[in-house]
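Q: What follows is the residue order along each chain.
There are 2 protein chains.
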Amino acid sequence: MRLAHTWLPADTPDNEFNIQIISAHDSLLVTNNQQKIYDAVSSWWCKPLGHGHELIKNSIYEQLDNFEHHIPANAWNAVIEDLSTKLVNIFTQMDKTLYASDGSSAIEMAMKLSYESRVLQNQPKRSKFIALSGAYHGETIFTLGVCGIDSYKKNFAGLLTDNIFIENIPYVTGRNDVLWHDCNFDENYWDNYFGEVSDLVTALIFEPIVQGAAGMKIISKDFLAKLVIVARRHDIHIIADEIMVGLGRLGVLSVCKDIIGFEPDAVCFAKNLTAGSIPMSTVVVNKSISNIYRLHKKAFHHSHTHSCNTLAAKVANNYLDYLYKSDILDNVLLAEKKLSEMVINLQAKFSFILNVRAIGSIAAMELDYNTVDVNTIFKLAVKNGIYLRNIGNILYIMPPIYNLLDEISKIAVYLDNVLSKLKITY
Amino acid sequence: MRLAHTWLPADTPDNEFNIQIISAHDSLLVTNNQQKIYDAVSSWWCKPLGHGHELIKNSIYEQLDNFEHHIPANAWNAVIEDLSTKLVNIFTQMDKTLYASDGSSAIEMAMKLSYESRVLQNQPKRSKFIALSGAYHGETIFTLGVCGIDSYKKNFAGLLTDNIFIENIPYVTGRNDVLWHDCNFDENYWDNYFGEVSDLVTALIFEPIVQGAAGMKIISKDFLAKLVIVARRHDIHIIADEIMVGLGRLGVLSVCKDIIGFEPDAVCFAKNLTAGSIPMSTVVVNKSISNIYRLHKKAFHHSHTHSCNTLAAKVANNYLDYLYKSDILDNVLLAEKKLSEMVINLQAKFSFILNVRAIGSIAAMELDYNTVDVNTIFKLAVKNGIYLRNIGNILYIMPPIYNLLDEISKIAVYLDNVLSKLKITY
Numbered sequence: 031m032r033l034a035h036t037w038l039p040a041d042t043p044d045n046e047f048n049i050q051i052i053s054a055h056d057s058l059l060v061t062n063n064q065q066k067i068y069d070a071v072s073s074w075w076c077k078p079l080g081h082g083h084e085l086i087k088n089s090i091y092e093q094l095d096n097f098e099h100h101i102p103a104n105a106w107n108a109v110i111e112d113l114s115t116k117l118v119n120i121f122t123q124m125d126k127t128l129y130a131s132d133g134s135s136a137i138e139m140a141m142k143l144s145y146e147s148r149v150l151q152n153q154p155k156r157s158k159f160i161a162l163s164g165a166y167h168g169e170t171i172f173t174l175g176v177c178g179i180d181s182y183k184k185n186f187a188g189l190l191t192d193n194i195f196i197e198n199i200p201y202v203t204g205r206n207d208v209l210w211h212d213c214n215f216d217e218n219y220w221d222n223y224f225g226e227v228s229d230l231v232t233a234l235i236f237e238p239i240v241q242g243a244a245g246m247k248i249i250s251k252d253f254l255a256k257l258v259i260v261a262r263r264h265d266i267h268i269i270a271d272e273i274m275v276g277l278g279r280l281g282v283l284s285v286c287k288d289i290i291g292f293e294p295d296a297v298c299f300a301k302n303l304t305a306g307s308i309p310m311s312t313v314v315v316n317k318s319i320s321n322i323y324r325l326h327k328k329a330f331h332h333s334h335t336h337s338c339n340t341l342a343a344k345v346a347n348n349y350l351d352y353l354y355k356s357d358i359l360d361n362v363l364l365a366e367k368k369l370s371e372m373v374i375n376l377q378a379k380f381s382f383i384l385n386v387r388a389i390g391s392i393a394a395m396e397l398d399y400n401t402v403d404v405n406t407i408f409k410l411a412v413k414n415g416i417y418l419r420n421i422g423n424i425l426y427i428m429p430p431i432y433n434l435l436d437e438i439s440k441i442a443v444y445l446d447n448v449l450s451k452l453k454i455t456y
Numbered sequence: 031m032r033l034a035h036t037w038l039p040a041d042t043p044d045n046e047f048n049i050q051i052i053s054a055h056d057s058l059l060v061t062n063n064q065q066k067i068y069d070a071v072s073s074w075w076c077k078p079l080g081h082g083h084e085l086i087k088n089s090i091y092e093q094l095d096n097f098e099h100h101i102p103a104n105a106w107n108a109v110i111e112d113l114s115t116k117l118v119n120i121f122t123q124m125d126k127t128l129y130a131s132d133g134s135s136a137i138e139m140a141m142k143l144s145y146e147s148r149v150l151q152n153q154p155k156r157s158k159f160i161a162l163s164g165a166y167h168g169e170t171i172f173t174l175g176v177c178g179i180d181s182y183k184k185n186f187a188g189l190l191t192d193n194i195f196i197e198n199i200p201y202v203t204g205r206n207d208v209l210w211h212d213c214n215f216d217e218n219y220w221d222n223y224f225g226e227v228s229d230l231v232t233a234l235i236f237e238p239i240v241q242g243a244a245g246m247k248i249i250s251k252d253f254l255a256k257l258v259i260v261a262r263r264h265d266i267h268i269i270a271d272e273i274m275v276g277l278g279r280l281g282v283l284s285v286c287k288d289i290i291g292f293e294p295d296a297v298c299f300a301k302n303l304t305a306g307s308i309p310m311s312t313v314v315v316n317k318s319i320s321n322i323y324r325l326h327k328k329a330f331h332h333s334h335t336h337s338c339n340t341l342a343a344k345v346a347n348n349y350l351d352y353l354y355k356s357d358i359l360d361n362v363l364l365a366e367k368k369l370s371e372m373v374i375n376l377q378a379k380f381s382f383i384l385n386v387r388a389i390g391s392i393a394a395m396e397l398d399y400n401t402v403d404v405n406t407i408f409k410l411a412v413k414n415g416i417y418l419r420n421i422g423n424i425l426y427i428m429p430p431i432y433n434l435l436d437e438i439s440k441i442a443v444y445l446d447n448v449l450s451k452l453k454i455t456y
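Chains A and B, in that order, are what the protein sequence lines are.
Taken in order, the first sequence gives residues 31 to 456; the numbers are from the working numbering.
Taken in order, the second sequence gives residues 31 to 456; the numbers are from the working numbering.
Just so you know, the hints here were simulated from the structure itself, not pulled from any lab data.
Careful, some of the hints might be misleading.
The list makes no distinction among identical chains, and a pair is therefore deemed to hold if it is satisfied within one copy or across any two copies.
Simulated crosslink set (SDA-like; lysine to any residue; CA at most 20 Å straight-line) [what the hints assert, rightly or not]: (1) Lys66 / Asp95; (2) Lys409 / Asn447; (3) Lys87 / Phe121; (4) Lys409 / Asn104; (5) Lys116 / Arg32; (6) Lys440 / Asp265; (7) Lys453 / Val443; (8) Lys367 / Ala329; (9) Lys116 / Asp44; (10) Lys327 / Phe47; (11) Lys451 / Ala329; (12) Lys327 / Gly245; (13) Lys328 / Asn185.
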């Protein structure tokens, strides 16, 4: 229905194609018609434990008994320092943790930290960032400046900073793809590339392995691993945007460390951090950045009101404990194989599926624009009991991971159902 | 103490001047030494109901029984539409409400909406904003571009968009100041001013009445009221940043509407919106903006994961109901007189207080840099049981408002105590 006063995100002011949610539990959204809809995108990729998980409720209940939030300037509490310690301890070389409330702001902070550390070292000209074509790092204007997807930024071109984009990324279908292990990386080319721009560049920023908004594109691990090594040779910081993939989505805590095999200068987490309950984001930085601020006795200014929100921190603490103590991460790795088989089977059945890919708890199918009307997917999916949000001609799933292994066969039925009913235009 | 892994906001990596909070209730923070500290800044200006208020707890308990958050893309619930309706109904001419999680992002959205509406009308050159010297609208790079305080932005100068700043703002001491009612506004001057730049400008942005980060400077109501009229004559949007002042701080819901007497094209609320419990911010827009998107059937893209977070929306709904049903807003207006008297009395007693000002539940004293060591204020205040955060030589208070009328005499004693012990250097 047309909402009188809420302008829903990524939408026109009065779009009537929407569903009214009256409750939600586990992987299900319940509508005002009592229809149960499978939340196959984890509510914008943020709910690894689904809806209404006891861990979330109990964390918030417990913290509410004490306090919800206090000013974090010159003040702290054990909950936030515990969380910082857990985040730093995911890595071996990280130093300090800073907080904000959304992914864009965490990326802004990481980019500002990288750049200001150059300014403190009398290198103010190192103001550019190198980003990847297909990248998405948020929708504030500064983060749109490192967005590699034209549709998000074209109307704001007049406001964006001037950055450098890497084209021709070697994408893969998964970990078994030959390019995953060896992408024919031209080290001389990249050495020259970074060498030529390093005087003007402060950092290389990318989404480790999966570019979400680009359509769940999977980048060759070999490419990123080698790119990092060469960039570092030219004293270029590495900013890793693990907002979508970090803390569980790919079956590991940090995709940089646990899959690619390096530790960045700054890494951002958000969505999974609080299991999609209360807004919170974070930047974990290496001493390569914090030591510059120490040396210059410089405060870093980015003063979010709710930086360190304690309700959020409490949930995050308990979520991280759960990742360590349960077998949930191992199950994501087991699920990857089943998810991959699922989309391969669907491709075999439906000729309009041009290709498929899967990694961790993410699977995607590229549909043929010429034969399938992608605009009907959302309505058709909802009608068939599943919330699916295509990105152009990419149909993807990214379900809650807490029970994934058991649910894949259920998801396969949903997808088969929707794909069977898709309007074919050939 | 030096925190191993948390880098506190607006601070150096390892600052040891901090307090450990173990609980908080009402207006009090409780430290690990069981010391009770009066939260005289409402935890960065966001806690009108103090800590642990039943309204906050009960709202969250109630919503947790149902669900905490779901994807807001093509999906909504009654809680968020209720909140949007309440926010729109503060005004008479507003249309739609959009959501984010922090103040900076709400401002970014308002600025992007204003600019993209120009792009949609084939006026892409109208990319500049007019802001006020002393302005603070957040610390993302785009919002720093409209910051009128040099210390926040000087290290990021190379990244900022080029905007226009109004200097020589007529500041006042409060509503009784003669300039409050009549600032000798030179209409011809401002008409020429806006006329000359209007081809390049999309919006005028300001903090209605109080510039917080500048040191609680109070702007002449007459100046802002007349500036808006002249700017509009040149088709310049008005963006009002009510993040600090709106929803209670000055004893009214909207400072634009209820004090200055106009309705902006976009107004941002945040801090008070959820009574400082869960991060949430909002932009309420006029049809002057939304109708452009309707006309062009254009979606607005700024897709925060937690846009419309339902836990936050539930608290906001109940907080707004409380503002309507209780006498809390009237009490702020009554408190204003007492707060003003309090700082006038302190000025009479301490010769190093150069001048004072007060409005709503905000009072500020300008201290003499030459005679007072402002760097000792935080430590001294904490020692004396009050959390005070000076802005340079401005000492201000902005306490929780729910019990303000009763607490002013208590606050006066705290302040007298701290000021009496301030290190005088003459």
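Q: Compare the structure with each hint and give your call.
A: Cross-check of the supplied hints:
| no. | hint | verdict |
| --- | --- | --- |
| 1 | Lys66 / Asp95 | between (33 Å within a copy, 18 Å between copies) |
| 2 | Lys409 / Asn447 | within (13 Å within a copy, 65 Å between copies) |
| 3 | Lys87 / Phe121 | neither (28 Å within a copy, 36 Å between copies) |
| 4 | Lys409 / Asn104 | between (50 Å within a copy, 10 Å between copies) |
| 5 | Lys116 / Arg32 | between (44 Å within a copy, 17 Å between copies) |
| 6 | Lys440 / Asp265 | neither (49 Å within a copy, 55 Å between copies) |
| 7 | Lys453 / Val443 | within (18 Å within a copy, 74 Å between copies) |
| 8 | Lys367 / Ala329 | neither (47 Å within a copy, 37 Å between copies) |
| 9 | Lys116 / Asp44 | between (43 Å within a copy, 18 Å between copies) |
| 10 | Lys327 / Phe47 | between (53 Å within a copy, 14 Å between copies) |
| 11 | Lys451 / Ala329 | neither (58 Å within a copy, 27 Å between copies) |
| 12 | Lys327 / Gly245 | neither (43 Å within a copy, 24 Å between copies) |
| 13 | Lys328 / Asn185 | between (36 Å within a copy, 11 Å between copies) |
The structure is inconsistent with the numbered hints 3, 6, 8, 11, 12, although it conforms to all the rest.
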